[in-house]
Amino acid sequence: MKEMSRIVKTVTNFVYGFIVIFGFYIIAHGHLTPGGGFQGGAVVGSAFALLLVSYGSLNSGKFLKKDIFSLFENFGLILFIVLGFSGLGITFFYNFLANSGGWFGDAAVIGVNPGDMNTGGVIPLMNIAVGLEVLSAFGVIVLTMASGAEFTKKKERS
Amino acid sequence: MKKIIFGIAFIIFFSFLIVSAINMRTFGEPTFSEMDDYFIENAQSETGANNVVTSIVFDYRGFDTLGEATVLFTAVVGIVALFRGVKK
Amino acid sequence: MSSFVEILHISTLIMMIVASFLAVFFRKLLPSVVALAVASLLLALEFYILHAPDVAIAEASIGAGLTMAIFIFAIRGTR
Numbered sequence: 002m003k004e005m006s007r008i009v010k011t012v013t014n015f016v017y018g019f020i021v022i023f024g025f026y027i028i029a030h031g032h033l034t035p036g037g038g039f040q041g042g043a044v045v046g047s048a049f050a051l052l053l054v055s056y057g058s059l060n061s062g063k064f065l066k067k068d069i070f071s072l073f074e075n076f077g078l079i080l081f082i083v084l085g086f087s088g089l090g091i092t093f094f095y096n097f098l099a100n101s102g103g104w105f106g107d108a109a110v111i112g113v114n115p116g117d118m119n120t121g122g123v124i125p126l127m128n129i130a131v132g133l134e135v136l137s138a139f140g141v142i143v144l145t146m147a148s149g150a151e152f153t154k155k156k157e158r159s
Numbered sequence: 247m248k249k250i251i252f253g254i255a256f257i258i259f260f261s262f263l264i265v266s267a268i269n270m271r272t273f274g275e276p277t278f279s280e281m282d283d284y285f286i287e288n289a290q291s292e293t294g295a296n297n298v299v300t301s302i303v304f305d306y307r308g309f310d311t312l313g314e315a316t317v318l319f320t321a322v323v324g325i326v327a328l329f330r331g332v333k334k
Numbered sequence: 775m776s777s778f779v780e781i782l783h784i785s786t787l788i789m790m791i792v793a794s795f796l797a798v799f800f801r802k803l804l805p806s807v808v809a810l811a812v813a814s815l816l817l818a819l820e821f822y823i824l825h826a827p828d829v830a831i832a833e834a835s836i837g838a839g840l841t842m843a844i845f846i847f848a849i850r851g852t853r
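Residue numbers (the numbering used here), protein chains in the order written: chain A, 2 to 159; chain B, 247 to 334; chain C, 775 to 853.
Some hints could be false.
Said to hold, decoys possible - Stretch by stretch, here's where chain B covers chain A in the computed footprint (C-beta under 8 Å, at least three residues):
hint, segment
1, 10-24
2, 118-126
3, 132-145
Stated by the list, open to error - Computed list of chain A residues with no C-beta within reach of chain B, every gap over 10 Å:
hint, residue
4, 33
5, 51
6, 72
7, 76
What the hints assert, rightly or not - Simulated pairs of lysine-lysine, DSS-like, Cα-Cα distance not exceeding 30 Å:
hint, chain 1, residue 1, chain 2, residue 2
8, A, 10, A, 156
9, C, 802, A, 154
10, A, 155, A, 3
11, A, 10, C, 802
12, C, 802, A, 63
13, A, 156, A, 66
14, C, 802, A, 3
15, A, 155, A, 10
To be clear, the hints were calculated from the coordinates, so they are not data collected in a lab. In this text, a Cβ means the ideal position worked out from N, Cα and C, and glycines have one as well.
Given only the sequences and the hints, what does the whole structure look like? Please build it.
Structure representation (structure tokens):
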């Protein structure tokens, strides 16, 4: 696919970093503000789609690599399953870090408050795992669809 | 003939939907609310997270989220297998 | 106050129906896809008015971002 005009590329250069930082903010603050792993991963995936549409699939191959995305996806899913199994002393998916005083283990203040980052138990770690998995899943889907459309166009020309 | 049968079946099915939409409860008043009251009362002290929706999705119903992640992984595997013969 | 919220609901839903009708009505492919994205974005606004912000974030990024990108890939590939 060919790249788009100069206006679209300039706006993409300006906006791309803000969208990625907003997505990672939603992932990291999933236990305090609305959103979570799935929503933040979808926002970062739409930023990858914006880069791929405006710069074309040949030029953006330097920035987005399919092998790194598939590696991150498998890592995220395995981390999520390991976090689920590590509470198996009581039940499956037991929140064994909450209110224990260690990592993310402080007790939350009851009532309406802005919240503390160091609470939530195992929930922030699961947010990061699911966010990594969804992000790289959407990246792989968009990259594969773009290369498939390019292949179809080249086959019709010849 | 086939069009008449399809039209009668469509009207019957649509009238069922209209009747069930008229008999629906008013907006924002569920029938049973013991589960909701338990979650709203105890989620903040049990899991320590301020966001009750995230604490339900990742802690109380974590097995459901595992199924969702598996569905997304299966979709990605299917798409990569569909375009497997494509070289750059 | 409640009447203002009701007017906002009804106008959002009417604009969504108009955008969905335009998505079917357009002859060219690219304006049709843009109208579909507008309908999805108005659905995200409706979710936000109904106090469900996380569903609104997911709907806006998937329905108006990724689906439109994949449709644009398909249109560019066939032409």
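Comparing the hints with the structure gives:
Coverage of the segment 10-24 of chain A by chain B is violated. Counting CB-CB distances below 8 Å, 0 residues qualify, and the rule asks for three or more. Given as covered by chain B, the segment 118-126 of chain A passes the check, having 5 residues with a CB less than 8 Å from a CB of that chain where 3 are the minimum. Interface restraint, the segment 132-145 of chain A with chain B: holds (6 residues with C-beta to C-beta distance below 8 Å; minimum three). The beta carbon of residue 33/A is not kept farther than 10 Å from every beta carbon of chain B, the shortest such distance being approximately 5 Å.
With a cut of 10 Å on Cβ distances, residue 51/A stays outside the contact zone with chain B, its closest approach being about 20 Å. A cut-off of 10 Å between C-beta atoms confirms that residue 72/A is not in contact with chain B; the least separation is 13 Å. With a cut of 10 Å on Cβ distances, residue 76/A stays outside the contact zone with chain B, its closest approach being about 12 Å. Between the alpha carbons of residue 10/A and residue 156/A the distance comes to roughly 28 Å, so the proposed pair stays at or under 30 Å and holds.
For the proposed pair residue 802/C and residue 154/A, the alpha carbon gap of about 19 Å is at most 30 Å, so the pair holds. Taking the CA atoms of residue 155/A and residue 3/A, the gap is near 12 Å; set against the 30 Å cutoff, the hint holds. Using a Cα cut-off of 30 Å, the hinted pair residue 10/A and residue 802/C holds, with the two alpha carbons roughly 25 Å apart. About 33 Å separates the Cα atoms of residue 802/C and residue 63/A, which puts this hinted pair outside 30 Å; it is violated.
A distance of roughly 24 Å separates the Cα atoms of residue 156/A and residue 66/A; the hinted pair therefore holds under the 30 Å criterion. A threshold of 30 Å between alpha carbons decides the hint, and for residue 802/C with residue 3/A the separation of about 21 Å falls inside it, so the pair holds. About 24 Å separates the Cα atoms of residue 155/A and residue 10/A, which keeps this hinted pair within 30 Å; it holds.
Comparing the model with each earlier hint shows violations of hints 1, 4, 12; every other hint is respected.
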